[in-house]
Amino acid sequence: MNRPAVQLCYRALAYISVALAAAGVVLPLLPTTPFVLLAAWAASKGSPEFELWLHNHRIYGPIIQNWRDHRAVPRKAKWLAFIMLLFSWSILYWTGAPTPLLVASGLFFTGLTLFLASRPSV
21 MNRPAVQLCY RALAYISVAL AAAGVVLPLL PTTPFVLLAA WAASKGSPEF ELWLHNHRIY
81 GPIIQNWRDH RAVPRKAKWL AFIMLLFSWS ILYWTGAPTP LLVASGLFFT GLTLFLASRP
141 SV
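Position 122 of the sequence shown, counting from 1, maps to 142 under this note's numbering, and the rest follow consecutively.
Heads up, some of the hints might be wrong.
What the hints assert, rightly or not - Ranges between beta-carbon positions, derived for each pair: (1) 64 - 141: 23 to 29 Å; (2) 126 - 25: 34 to 40 Å; (3) 131 - 47: 37 to 43 Å; (4) 128 - 92: 43 to 49 Å; (5) 117 - 36: 23 to 29 Å; (6) 24 - 139: 31 to 37 Å; (7) 138 - 24: 25 to 31 Å; (8) 92 - 72: 39 to 45 Å; (9) 126 - 96: 20 to 26 Å; (10) 116 - 72: 21 to 27 Å; (11) 72 - 36: 41 to 47 Å; (12) 104 - 27: 27 to 33 Å; (13) 46 - 85: 21 to 27 Å.
Treat the hints as calculated values from the structure; they're not laboratory data. Quick reminder that beta carbons are idealized off the backbone N, C-alpha and C, glycines included.
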């Protein structure tokens, strides 16, 4: 893939992530922080102007700054992530998902939970 096409993919990922983060601001079950961090990362690869806009945004800017400076995640975001991971795994379990999927998702969710728990809170 050539460089402009790669940049376009990163830019699209950044915009989609910000749209999901914006939805997460108003929807209580959709987390904002992971999408903001993904958007910042993708924007840094595909659109320096958009990255600057994110850094200066009154809602998203502090989230990005806390992550970049301290690798910190807001306590509320951690708890919401934990609850949603448990909820997601429970849905898989109760809908009769195959055992390999339950094990794989359980291991992944546990690893993600441990990673989030190991990050400082702000």
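Satisfaction of the hinted span 34 to 40 Å by the C-beta atoms belonging to residue 126 and residue 25: Because 37 Å falls inside the window, the suggested range holds.
Hint check for residue 96 and residue 126 - Cβ pair distance inside 20 to 26 Å: Given a distance of about 24 Å, which is inside 20 to 26 Å, the answer is holds.
Range agreement (Cβ of residue 72 with Cβ of residue 116, hint 21 to 27 Å): With a Cβ separation near 48 Å, residue 116 and residue 72 fall outside 21 to 27 Å, so the hint is violated.
Distance restraint hint 37 to 43 Å, applied to the beta-carbon atoms of residue 131 and residue 47: Between residue 131 and residue 47, where Cβ atoms are some 26 Å apart, the hint is violated.
Range hint 23 to 29 Å (beta carbons of residue 117 and residue 36) holds or violated: At roughly 26 Å between Cβ atoms, residue 36 and residue 117 fall inside 23 to 29 Å, so the hint holds.
C-beta pair residue 72, residue 36: status relative to the range 41 to 47 Å that was hinted: With Cβ atoms ~19 Å apart, the hint is violated.
Outcome for the supplied range 25 to 31 Å, where the beta carbon pair is residue 138 and residue 24: 38 Å, violated
Hint check for residue 27 and residue 104 - Cβ pair distance inside 27 to 33 Å: Taking Cβ atoms as reference, residue 104 and residue 27 lie about 31 Å apart, which means the hint holds.
Verdict for residue 46, residue 85 (Cβ pair) under range 21 to 27 Å: At roughly 22 Å between Cβ atoms, residue 85 and residue 46 fall inside 21 to 27 Å, so the hint holds.
43 to 49 Å as the expected CB spacing between residue 92 and residue 128, which holds or is violated: 23 Å, violated
39 to 45 Å as the expected CB spacing between residue 72 and residue 92, which holds or is violated: 22 Å, violated
Satisfaction of the hinted span 23 to 29 Å by the C-beta atoms belonging to residue 64 and residue 141: 24 Å, holds
Consistency with the previously given hints fails for numbers 3, 4, 7, 8, 10 and 11, ordered from lowest to highest.
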